[in-house]
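Chemist: Residue numbers (this note's numbering), protein chains in the order written: chain H, 1 to 678; chain U, 1 to 598.
Please keep in mind that the hints were generated in silico from the structure rather than gathered at the bench.
Careful: at least some of the hints might be erroneous.
Claimed, not checked - Dumping the calculated EDC-like pairs for lysine to aspartate or glutamate here, alpha-carbon to alpha-carbon at most 16 Å:
1. H/K605 to H/D573
2. H/K217 to U/E339
3. U/K493 to H/D525
4. H/K303 to H/E273
5. H/K325 to U/E544
6. H/K404 to H/D421
7. U/K320 to U/D243
8. H/K70 to H/D54
9. H/K347 to H/D525
As the list claims (entries may be wrong) - Examples of chain U residues lying across from chain H (beta carbon under 8 Å, computed):
10. K59
11. D475
12. G550
Glycine is no exception: its CB is placed at the ideal position from the N, C-alpha and C atoms.
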Amino acid sequence: MASTYRDSDRTGRASEEEFVDILEERRCSSDLGFALRTFNPQPYQRASPFSTADLNKAVLESQYLRYVAKEIAMETGSSLEEVREEAYGILDEISQNMQLGFIRLLGYTLTKVFKRLFTCIYVNMEGLNRLQQAIQETPVILMPNHRSYVDFLIISYILFTYDIPLPVVAAGIPLAGMKMVGEILRRSGAFFVRRAIGSDKLYWAVLSEYVKTIVRKGYAPLEFYVEGLRSRTLKSLTPKLGMMQMVLEPYFKGEVFDITLVPISISYDQVVEESLLAHELLGVPKPKESTMGLLKASKVLQKNCGTMHVNFGHPLSVRQLCQDKINRCQYNLAPRDLPQTPNAEVKACVSWLAHLMVRLQEQGSVVSPWSLMACLLLQAPVAVLTEEGLPWQQFIEKTLWLRKLALDFGASLNWPGKASDSDVMSSTVALHCSVVHLKAGRVYLVQDEEPQRKHPISPEQGVMSAAVAVLMLASYRNQALHIFVRPALLATAMHITKSTQRDELFTVFGFLQELFSYEFIFIPDNMSQDFEEACFLLKKCGAVHITQNEVIPSDTGLEVLSFLQALLQPFTDSYQVAFRYLSEDAVPVFTEKQFLPDLRDQATKLILSGELHTHEALSSDTQKNVLSALQRLEAVTKLRASNQNEYKVNKAAVRRIGDILSGKIPPQNLQTTPDARL
Amino acid sequence: MTKCVTLISVLTLNLLATPFWQILILIMEIMKWNGWGYSDSRFFFNKKGQAEFTGKRYKLSGLIIPALKDWFESTFGASLQHKTPATPILNSSAVHPPTLNETFVEELKSTGIPFSHDAEDRVFRAHGHCLHEIFALREGKFGRVPDMVIWPNCHNDVVKVVELASKHNVCLIPYGGGTSVSSALECPPEETRSIVSLDTSQMNHILWIDEKNLTAHVEAGIVGQDLERLLNESGYCTGHEPDSMEFSSLGGWVATRASGMKKNIYGNIEDLVVHIKMVTPRGVIEKSCQGPRMSTGPDIHHFIMGSEGTLGVVTEVTMKIRPMPEYQKYGSVVFPNFEQGVACLREVARQRCAPASIRLMDNEQFKFGHALKPQVSSIFTSFLDGLKKFYITKFKGFDPNRLCVATLLFEGDRERVLQHEKQVYDIAAKFGGLAAGEDNGQRGYMLTFVIAYLRDLGMDYYVIGESFETSVPWDRVLDICQNVKERIVRECKDKGVQFPPLSTCRVTQTYDAGACVYFYFAFNYRGLSDPVHVYEQVEHAAREEILANGGSLSHHHGVGKLRKEWMRETVSSVGLGMLKSVKDFVDPNNIFGNRNLL
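For reference, chain U alone in the conformation it holds in the complex:
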């Protein structure tokens, strides 16, 4: 959705003058309504059985990926003969008619803020990207959806909307980029009031840039890639690059405590924000100055960050900016096994010399990456071919079924990047790591953006899956990876999954005291009557395993409704009580009623 605004602002300024309903049509054309990302970008198997990626937006677009089919079939036991296509068109008649609060609608009209209760608009904002949400959409099933959608244009619009909602007891659910993976956007089925989706996408301007203090004041609806591109035009960047940055919004990052790939240089969202303005049913909350650090009791920003839309709507944020890096360099290292790779990352963290990004994939993901190698490519130089030759000849010691790869991204001025690079490669060498080329690294990061499209391909052929993450102290990284992967495999077996699942992980962030670990899990659900339920049971078990192994409930995805059953044991009863009392004061009538977190 948010993407449409991007295009509007970039391509055709005059589109801003077009009537609102035309913009809506554009949205539907640009974004998928029942899958990830842009409508024009998707994987499919062509008549020869080769995988292709359509569109023009990505480096992989328009290319054939010959190895994908074999990998897909052998990994999942799937077959191109067994298809599970999605319902092609959104059937508006299957959507419940809206429950409207007439007086609210009347007063809203008088403010001139655009709104809609069109079925498609409502369905579009009723979900994030959890497996069960997309699965239901593909089957053309809609649960409770918002009754109307409002597009405020600025902070003052939001103030008006929140006042009206409070006055008429209407439930508000803020909507940013819609990339949530925690059931945060799901409408609580027990909600009887009219539910209004407050779409921040029109609040997408950079209001000012302060070059003396290196900050920018930005409306919270702006989407990551637009923010970065607009700042780049002035020679700056925020450096905040979550994997969802094409679609996720600044307000969403604040509301979920987001983390970016390059946090080692720029920090996570809590390190980046200087000032936040949020509209709550009690009024507007903000600090009175922009001091870089304050000792004024508990930081009120920390009530806002991670509040997941339960307290109000973030409307404007002042953020740190940095001059754009002079030089960027990708890199990669191959390790003989995952243990060595983790040991290397730990050492890099100990020496506090982590590059902008350092990620370690396990062997299964390495193979997966291999399978995504396009047929013809200049940019995708045949790193993998080279690599293959590499370890078969020179480094025979590496077992192709055990080795793993770390991808690296360095940023800064050229000299320092090269120095830094040498330091990291020297450490890697101590753990048996071999430098494996720039292209390999770059490819790794590029794949991050297309990987979400692959789930849709899988879902066309009985394969469902998702990723989830945690953070964990260093000494437990290896054990948690092994135990959670194993738990997934065993749970699948117990739950009657007929084929061995894909259960893999990677270490995506390093900290002084621990790391962020990502798990990917997918399986072929042929023969199961309720695959989503099975999926949820396995994910639940995997989360239990994570917690039992000293991992956190979430590193950056947030809690939403998906993980809130574990909040009490995560933050203790007193902690939960604290959060509840804040909610009770700020929003006593539960106007922000998405029921996340608590």
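One chain only, chain H, in its complex shape:
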């Protein structure tokens, strides 16, 4: 099997494109003048002038909604009038009400905020030009990743700056609840979507008709987060398929000629809410979105978050992507207005596209030196980091080594070229003084956020305090993970199997992909290509020799392989802890509410006893991912009858998975099932 993966296969690489700092101009001209500039964008050529009221009317009067309303009236016994009234209420809650005046207000405010918060906001102009072109030709879906509250409206802000039609943006309903702010967002083009829609048929119908009408009419570009939520770990999230399905359906049903998807990658040097996120992952509830909260949080505006990169990816034609994947004739035999459950082919295609978009977001993201440093810092024991520190010079050299590896792997780096490497790194450390500090030629992990403590802290508190710092570091490492994850899985497979046989490695590689499918994003049914890519990259950096049947570590490859394997070590360790807990200590039936703190306690104990070396096991994200993965592998089942999220564990199966992960038994013994989501 020859390595078929080529570097040129990658799309959306940012490195070839030129980024322009959009704040530069803002800093030397009037903010008010900017907010009041003439705004005259070129809209979609087929869009007919359509007001917000027209849009809402079209939704309410749609055949689809009428049908569903009638059905619900029949089922519930309420009058059609009542159901329609309810639908009207839902639409009222959802719908945006974009007004240029508010966009201007926002333009003014955001300029002030962004200038404070960021040194630069880099945007790739070519991407904007392509977008401008695409918007005129087809309905466009803007698909940014979601890493920070700041993401929200940055796209609108940029498009306003460059005279491109403003998007309507899907937002979480909690934002709508904020006094004033909710309304301002709504008038800036936000529409609001409830979190758990579940089986609320009417809500689902109103929302999907609303979204589809926007796409069908080419009312405005539509922006939504395919990951569904803000990523607490700064890692890409498994895409949510509901909105994706809605957005694509007008193409499937031939209501539009084509739809253009634009992946957008937003990357930060520093995420404003980094410590909040780390606390959240450790079980501290996130503060409710409120206007007061926002005002209080305005103290973060004192902070400097470095630079932000917004990379507009290549517009993708849904028509081209779906060419051999969807037979559109399947919609010929029923009225297109009637609700129709998507078949397996459609579901698989939607899922594939959603994953592809996330992957493209990853590839388009720009990785900061800090992310590379975080990868390395996390490979040192926490005790060493807090007590002894790492020698700075050595650390610089290692980081530069990693920079080369990352570039070899095709990463887009945001490594300032003008300053010397050590200056770049020390200024990076300075920016992240809340996590690390440099003292007397050594780097230390900052452990204690509150220096004045009256009581000596308990060992458990000590663990938690270190965990905050570790999880903050981990989140920045996560921003770079997509560069390394495929070769790292291979390196881990080599480590587990101690084998060089390609077949064997491929099986374990596949097992790891399955196991970590909630941890890292893999495009469904793409495992062979992922494996090829992993082989190709390891070969490219000289870590392995590849023959017909073997992947053999090279003499000089040890450094790369052990780095990559260590990169995933926290995950394998955390998973093992969870497996151990589930197969030994857990009660046979448990709720998620019990599981998370119990596992956290267990992990804390293991850390204190020195058995467990990673604080990441404490992260609720990792813990939830373990649970999802085990469900997927059918070692844990969710009890349907229960509304308490109860789970039943098959201890033997969990143990077996743990044994495969540690290399005790080969993965053939694992009973895999086809992915239920596909």
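Starting from the known structure of chain H, fit chain U onto it as the hints suggest.
Modeler: Chain U alone, transformed into the frame defined by chain H:
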């Protein structure tokens, strides 16, 4: 070809007595061998660069069309400097010598049925009017052509021919008017037997008219315009008027499930036939009575209609006739945009008040129609000039780049026509439609007949194109129009066509549950090494798009060989199996071996 017979019967009865070979000479003189229609009727650009239409047969004949050149050049990026003239003369030596089945020929001779294996006769019957067929002829290229042509004179002649063909294993391809646009007349290149073209043109008589039941029994070789004219002489009509009616034959209509412009009053061919006689290798198939409707299992007529010459030859048909309408009135309506126009047609269909014909052209076709306005005309009153003034002054709201026109034809007794007209115009008004005059409407229909000649003009200047059709439910009409037109434009770009194509459509028929949509597609092929291949690829893509948008494989052109790759998904495997089993029973030795449909 069939036209010659028309002339024979009308003009010079004594010509019937002339020896057969003289008739053949007449055919060649009257009809083009490598283009559409009559030899004397064609478009050309005169020395001043103005377009002219020659001959005397049409209202446009002998007139100058001043705007055509500009439209042609600007639409296609074509230039009168860049010519691609056709090979002027049919070079018989380029035609493969016939493969004759000697024993068949011997026995045929004894029946006295006329036949020929002259190269010109054979080439003439080897094609329909698909672009690739005409393009090849213009280049003087001939593929597999029939080895001989037979002209049976009546049903019994056909019975004899089919018996002989079965006996000697000769391949028969029935030939009516030769207006097919589905590669139906193309000889299968893999056919090794002798191929005989069975030309029905001599079977062109009305055998009887039954005035009590309002039916006429007609030989199937009769051509549309002759049938109509002969019936008119007795005060009747069939009302079946496909756009090809000048040349297409009754048997051809039955074999392809044809549709006529005025089907709203008279019905399509399946509504018009009462009785069909078809000769198959198994014998003659026909019903025993002329009951207007029967419940006797699946209607065997529906095995015959649409069989495209794969089962046998239709020889005689009993058809409904109607008294000629007392009054005819044309009309037209201008709509601000295509969407409104479609909405109006839909409403007209909902109220079941469609006039004899109602057709909606999109903006590009409206402009095309504009470009075909002749210089001097009494009959072509300056509707377009008037119209221009009309919307520039009174109705400024209409965007000349978006508006579209519906043409109408009303028929019946005068009072009812006027009433009907008012009803339709009232509906149109609800959709922003403005009445735009009778002349405009009449012109629209007249252009239907000359439009086929325009392709030949285009082909003189690097422009190739064709039309194709579909039927589609009402709710998908707009989407299919937009998506297919767009697909054509994009495919052309992808395939390296250097100039933007003409991609336009019109809605030509309304039904209770949907409409028939026609697409016209043409482009300038300068710079392409294999333009026909590119054309075929784009048409293929357009058909895929039609199917993906819920359109049918064909509304009335049929499947032929051009579209048969989609038959299975169109009628399901079981459906295809049913059709195959009928073929296997009726024609086990594949005597009717044109390989259409299945």
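Chemist: Please go over all the hints and tell whether each is borne out by the structure.
Modeler: So, going through the hints one by one against the coordinates:
1. H/K605 to H/D573: Holds, at about 14 Å.
2. H/K217 to U/E339: Holds, at about 13 Å.
3. U/K493 to H/D525: 33 Å, violated
4. H/K303 to H/E273: The given pair, whose Cα atoms are some 11 Å apart, holds under the 16 Å limit.
5. H/K325 to U/E544: Status holds; Cα separation ~15 Å.
6. H/K404 to H/D421: 13 Å, holds
7. U/K320 to U/D243: Violated, at roughly 20 Å.
8. H/K70 to H/D54: 23 Å, violated
9. H/K347 to H/D525: Cα-Cα ~13 Å, so holds.
10. K59: 38 Å, violated
11. D475: 7 Å, holds
12. G550: 4 Å, holds
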